[in-house]
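Enquirer: The lines below spell out each chain.
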Amino acid sequence: MNPLQTLLARKKKNLLSLFFTAGFPYLESAEDIIAAAEEAGVDFLEVGMPYSDPLADGPVIQQSSTKAIANGMTIPLLFEQMAKIRGKYEIPLLLMGYLNPVLQYGTEKFFEKAAENGASGIILPDLPMDEYQEEYEQLFQKYNLSMIFLVTPQTSDERIKKIDSLSNAFIYVVSSAATTGKQQDFGQAQQDYFKRLQAMNLKSPMIAGFGIHNHQTLQQAWEGLNGAICGSAFLKKLEQNPTPKDAMAMLMKDLGLQ
Amino acid sequence: MTHLNPKALPNERGYYGPFGGAYIPEMLYPNVEELKTNYIPILESEKFQKDFHKLLKDYVGRPTPLYLAGNLSEMVGAKIYLKREDLCHTGAHKLNNVVGQALMAKHLGKKRIIAETGAGQHGVASATVCALLRLPCTVFMGSKDMARQKPNVMRMRMLGAEVIPVESGSKSLKDATNEAIRYWINNPSETHYIIGSTIGPHPYPDLVARLQSVISDEIAEQLQRQEGIDAPTHVVACAGGGSNAAGAFFRFIGNGKTILVGAEAAGEGVDSGLTAATIAKGTPGIIHGCKTLLMQTLDGQVEEAHSISAGLDYPGIGPMHAWLAKENLAQFVPVTDKEAMEGVKTLTRAEGIIPALETAHAITALFKINLKKEDIVVVNLSGRGDKDLDTYQEYFKNEEAQLNAV
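Keeping their order, the protein sequence lines are chains X and F. Number 63 in numbering that gives the first Met the number 0 belongs to position 64 of the first sequence; there are no gaps in the numbering. Number 271 in numbering that gives the first Met the number 0 belongs to position 272 of the second sequence; there are no gaps in the numbering.
Isolated chain X, as found in the complex (with noise of 0.2 Å):
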């Protein structure tokens, strides 16, 4: 098992992850981030490998890119940051991008290196199923890393299962329709939608990500889920506070867990 299957096997209830960009918003942030995440109990972390044209994301993420690309940030950058950390920090890692930049890295050298350098999992929102089925899945495999795959209020239950049958770690819940950043409060709509994934009985845990902002909406996700994911409004905590640590701070206050 790696690190985060530990964990998931471990705790079933009230997941907490963090997403932010690497190389934002400085170029070396990434440490700072983590140690801040570890000592304040968040559960994982993902990793945002910047891409210049994040299709699934809301302004948020898509500037937190712009400027760690323009802070020099790349993927073997990257992968020396999180070496030089390697086994300082207990957190799982996943790290989440785009396929573009991965394939230019080189597939199989990117899952070497990642799993080399302390990743459970990589989170790749453009990669077609199929293709995964008939040439990533065998690397994941290799490697002992998770694939974590994305379902929406849109994806069918027939593609949930098959998405489930799939997982070996969790599925990521995106809460409604939509680019990251755009959600204000869960609905209606969110909690019938995580109903209706309850009552499907997968054996993978479910964390939902997108819109996660507030108390309201992490509890929301707590209850009708495993767990939640905070992406934008993390970045934006860490563009608005000097360190990591007080914009760690900032958030856990928001999410009222302080």
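For the record, the hints were derived by calculation from the structure and aren't laboratory data. Do not rely on the hints blindly, as some may be mistaken.
[Claimed, not checked] Within a straight-line C-alpha distance of at most 27 Å, the following computed DSS-like cross-link-like pairs (lysine-lysine) qualify: (1) X:K235 x F:K372; (2) F:K143 x X:K66; (3) F:K49 x F:K143; (4) X:K161 x F:K35; (5) F:K35 x X:K160; (6) X:K160 x X:K10; (7) F:K35 x F:K109; (8) F:K143 x F:K46; (9) F:K78 x X:K66; (10) F:K256 x F:K78; (11) X:K194 x X:K161; (12) X:K12 x X:K202; (13) F:K372 x F:K78.
[Said to hold, decoys possible] Some but not every residue of chain X turned toward chain F, in silico, with C-beta under 8 Å: (14) L98; (15) Y104; (16) A177.
Even for Gly, the Cβ is constructed at its ideal location relative to N, Cα and C.
Chain F: place on chain X using the hints.
Expert: What follows is chain F alone, placed relative to chain X:
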């Protein structure tokens, strides 16, 4: 029924050789899947064919003439025909695709149309057909392009479309496309996204190519009548995303007798760092949901393209063209901004036709390829130059000023 050249079609997963596919996040999957499941049955239905061809004839103004350009032929030293897509309603080939996709949106029960636009031609075409079919229309356009294509912005607004300025990234076609896709993600079920070129996730490249293939169907018919042949020796078309080239090539792809020539925008020069010549400078990767050639950094970040022509200012190219280039089924000729301006002058003075800046790249390409006297060449005159008059005035004013200074 439209003639379908099987050599111009991708496989069932949308691949032309190694290029194409649908690299999209889950949020877009239901939309794209719905289109993928339905586009061929709709396109092949009798009702669609009837409605489509009626609008092409009575509204778009098809068939467009195939005009033997005598003066230009003399200058080039071969027989040059111009396929007059510039005479389509709204001034470019773009309307063929939009009429087809808007009808398809109606078949699918969609209530709203969104579109991206570079030069504004696709935006105007979308706004036009939406006015006709009473569909609300939102067009995403880079703020840089809005500044250089003002008349088209005005047209779209007059036609009742909402034009949304895109300030992210390059502020041109690439980011307008990103924003249109994001809007689609946020408004999935009732919206149809009319992509303006042979780009994007499968089935878009195939859908757009099929709808534009009316161009080469007509060329074949007209050549039969006018020259007694079923295919020209050459077809020349400009290629940004590649829809007019796809339409003009479609029927002749892989026929073993027609040389297909795409004119790419080289900007300041292929090796200047300020170029949009994707076939010349691009490497395989993913842009806007399909695998194709694109201009990118070694880290896989999409680079900004440069071309004086907003319609060709795109860092990728349709997967069909990437494949045609790879298989040597078409050749691609880079044409610089400056050379394209010469093409504008040449056609304007020789034939009394002011071409669009995009189209001028194809005119210039005529002088860059090997042609013999007995060749019969069709240039796809994809659009007219009204929208570019400001750019022309500015450019030629500077040129005159330079001449006067010597």
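Enquirer: Return the numbers of the hints above that this structure violates; sort them in rising order.
Expert: The structure breaks hints 1, 3, 8, 9; every other hint is satisfied.
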